[in-house]
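Asker: In case you want the letters, here they are:
Number of protein chains: 2
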Amino acid sequence: PERSDPQLARLCVDFPVSVVLPAGGTGERTGLHTPKQFCLFMGRPLISYTIQAFERVSWIQNIVVVVAKENIDLMMDIVQRFQHTKVRAVPGGSTRHRSIYNGVLALGEEEEKPTPNVVIIHDAVRPFVEEEFLLRIAVTAKEHGAAGAIRPLVSTVIATTSEGYLAHSLDRAKHRASEMPQGFTYDIICQAYQMCSESDFEFGTECLHLALQYCGTNAKLIEGPPTLWKVTYKRDLAAAESIIKETLSKSACIITGGLTLAASLAASLQKVVGSLDMELDIIPDLKGDNARYLSKKYNFIQISVEPFSPCEVEAIVVALESKNQALLHPVAVIWVYLSTAESSISRRGAETPTLMDLALAAKLHNIFLYGIQIHHSKDSERWERSVLRLAEITSALIQERSPALVGQLLQA
Amino acid sequence: PERSDPQLARLCVDFPVSVVLPAGGTGERTGLHTPKQFCLFMGRPLISYTIQAFERVSWIQNIVVVVAKENIDLMMDIVQRFQHTKVRAVPGGSTRHRSIYNGVLALGEEEEKPTPNVVIIHDAVRPFVEEEFLLRIAVTAKEHGAAGAIRPLVSTVIATTSEGYLAHSLDRAKHRASEMPQGFTYDIICQAYQMCSESDFEFGTECLHLALQYCGTNAKLIEGPPTLWKVTYKRDLAAAESIIKETLSKSACIITGGLTLAASLAASLQKVVGSLDMELDIIPDLKGDNARYLSKKYNFIQISVEPFSPCEVEAIVVALESKNQALLHPVAVIWVYLSTAESSISRRGAETPTLMDLALAAKLHNIFLYGIQIHHSKDSERWERSVLRLAEITSALIQERSPALVGQLLQA
Ligand SMILES: [Mg+2]
Ligand SMILES: [Mg+2]
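Protein chains in written order, with my numbering: chain A, 1 to 412; chain B, 413 to 824.
These are computed hints drawn from the structure, not numbers from a lab.
Please read these numbers as outputs of a predicted model, since none were measured by experiment.
Some clues are possibly wrong.
If you only want the chain A side, here are some residues facing chain B, beta carbon under 10 Å, derived [said to hold, decoys possible]:
#, residue
1, P114
2, S169
3, L294
Here are the simulated DSBU-like cross-link-like pairs (lysine-lysine), alpha carbons at most 35 Å apart as the crow flies [as the list claims (entries may be wrong)]:
#, chain 1, residue 1, chain 2, residue 2
4, A, K230, B, K790
5, B, K790, A, K363
6, B, K775, B, K708
7, B, K586, A, K363
8, B, K586, A, K69
We treat Cβ as the ideally placed atom computed from N, Cα and C, and that holds for glycine.
My request is simple: use the sequences and hints to build the entire structure.
Answerer: Right, dumping it as structure tokens:
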């Protein structure tokens with residue numbers, strides 16, 4: 001990710017940083033049986049997204065995930081299945097603070113990694129944290145001993161009487177919501193937990209507060225972006241899915257096979273889809289330098305001109321499979337079949353099952369394949385209408401990424 | 413909606429209740445140009461959903477929406493277009509409190525309606541409030557003079573020093589988030605605003621607090637459901653859309669035409685889709701008593717057996733149009749074409765445009781028409797696979813309600 005703040009470019013992390021990720025929540029507020037951190041988003045548990053957010057940061061050396069004992073096996077399966085490399089799972093304690101402390105202790109016992117200078121504590125259910133903000137937390141924690149994310153209050157906070165009446169309302173200017181991530185030097189977080197009472201372990205909620213109380217450390221507060229929000233309620237699952245899908249739908253490349261007719265359609269499509277908020281690159285094929293698209297977060301639109309045969313799109317699927325590119329999220333591949341002769345339509349019947357068979361096999365590898373047929377018309381008004389519909393269908397398929405619709409041949 | 417709490421069944425509202433709906437927000441936190449209350453959800457502005465939540469409550473006599481002067485015309489258009497009947501729009505003031513006071517004053521000036529005993533104040537961007545909770549607020553406000561919704565705090569609230577350090581953290585057990593709706597007797601809300609200072613009008617945030625300060629009224633606080641949440645950030649737009657879509661996708665009726673083959677498919681579909689969380693009723697047609705389905709929040713699945721002709725589904729579209737049933741939200745109509753002979757596939761080419769033409773016309777009336785072809789197979793394994801896919805596609809189409817895919821004939 002780009003660093004938008006030029007001052008940050010001068011910050012750098014030249015000390016070991018590790019992460020503790022408590023993931024013991026039971027998810028009662030979503031009203032679901034599965035704890036939120038294990039809910040699937042396009043086939044992948046939420047916690048894997050959060051792990052990925054840390055794993056891709058070069059200066060983070062390792063991540064300790066703290067889970068309930070009964071979920072250790074599940075967690076190890078997730079680590080293996082999604083090929084996480086910096087992660088170790090340790091069993092949690094009976095409260096949040098005991099779990100975090102277990103994680104901190106585990107960091108000190110690592111054999112191959114140095115004891116970290118700074119520990120970042122985060123929630124498994126805040127998957128959208130960005131490198132830039134982690135950098136600020138790490139550097140500020142190193143400087144001040146403790147640093148924490150804050151956000152403005154969304155609602156007015158009020159104090160209530162024991163009988164359930166309004167006592168008074170708090171001044172919003174002087175109060176903030178305390179969020180995650182928080183960062184601590186290793187010494188301070190250890191000392192705070194070593195010195196704190198059983199009652200703190202049992203009822204305390206704020207690590208920052210323990211650092212203040214037991215180490216005299218004044219935690220520096222940093223206002224974070226709205227993306228730090230915590231997946232809490234059932235509605236948050238939909239919000240998270242929408243953010244993930246939006247990220248996956250930002251760019252696609254159109255492959256023309258170098259054909260004039262296909263290139264002209266690609267150019268029209270680029271014009272129309274551009275206004276729909278997706279970036280399209282046009283390339284003749286995926287050979288040579290263009291093979292790099294297979295390793296990026298791209299979706300693929302293959303334009304084929306007659307004869308009706310999905311062999312080009314099959315090659316894309318094979319290439320994606322070999323790169324293991326769809327491991328972490330489904331890739332959308334759209335086959336646009338540009339027919340020119342009136343007779344072409346009648347060929348569909350016999351061939352359509354081939355597209356479906358291909359799609360069902362690709363889906364097992366997390367590649368979602370859809371087909372769209374567009375008929376070339378010499379009537380320019382009609383052709384423009386078709387291209388517009390092609391653009392709308394293409395965006396909808398890429399953005400909605402519906403598993404139920406793979407293998408269909410739609411009509412533009 | 414059903415009243416889940418048996419105690420509530422004994423509560424009743426036999427006094428005039430009116431609503432003030434401040435809708436002057438600029439929506440800066442969503443990062444969009446359109447203020448949130450005017451953002452479209454399936455073609456309808458959010459505020460219309462909120463208005464509907466009040467309008468359907470029999471004991472609410474009228475609603476005053478307070479909007480910025482420059483949005484009065486827009487608001488009147490919305491009222492007319494979505495046929496709201498209890499609504500009047502008045503111009504807002506320069507702050508939230510001035511706007512609410514304008515709304516309260518407007519209630520006192522109504523010629524045809526009595527001055528209300530109780531005024532409910534709500535936010536235009538909390539569209540999911542339920543009758544049961546409104547009832548509790550109204551009755552409690554009548555009894556105590558003022559009543560307000562509260563929610564548990566999601567994050568720990570902390571006090572900050574002026575230098576940006578942690579001062580202390582608040583006890584979560586003694587604090588709550590103050591939410592909407594709130595209710596007041598008309599006399600108390602009037603008196604509070606008549607007596608309060610310019611500074612209260614300018615900087616105050618809590619109506620409950622004004623009632624306490626200027627009328628000595630102890631507001632009774634009532635814990636509300638999570639659905640009271642306020643659409644605030646961009647992610648909340650996705651969450652709101654998902655809730656609306658889920659509500660619209662709860663039930664569908666399958667129309668069999670009384671044919672044995674169709675009825676048997678319908679029964680299989682009911683079994684499979686039932687496990688996918690949608691309720692399906694099976695009926696032979698929409699005649700007589702069954703016409704009631706046209707006036708309910710149902711989606712429609714028409715099963716037609718050969719010959720290939722969408723005339724039955726056309727009749728459903730016509731009936732829905734005549735009932736104006738799709739005024740407030742799009743209705744999904746799925747045409748399932750059950751083909752039996754091998755030859756049937758070849759007929760598609762010529763007929764498909766008819767389905768698309770029909771779908772494009774229906775879309776103008778907010779009816780989303782999709783087609784699915786299923787081929788009857790005597791191989792029972794193959795047939796079961798087809799029925800399963802039919803169920804998956806049907807649920808996906810009804811739940812995703814994609815405007816770009818109307819008129820397509822998909823293959824099960
Ligand atoms: Mg904490
Ligand atoms: Mg208020």
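Asker: Determine for every hint whether it applies to the structure shown.
Answerer: Hints, one by one, checked against the model:
1. P114: violated, 29 Å
2. S169: holds, 5 Å
3. L294: Nearest chain B Cβ about 27 Å off; hint violated.
4. A:K230 x B:K790: violated, 51 Å
5. B:K790 x A:K363: Between B:K790 and A:K363 the Cα gap is close to 27 Å, so the pair holds against 35 Å.
6. B:K775 x B:K708: Cα-Cα ~19 Å, so holds.
7. B:K586 x A:K363: Between B:K586 and A:K363 the Cα gap is close to 51 Å, so the pair fails against 35 Å, i.e. violated.
8. B:K586 x A:K69: Satisfied, since the Cα-Cα distance of roughly 33 Å is no more than 35 Å.
Against the hints set out earlier in the document, violations occur for numbers 1, 3, 4 and 7.
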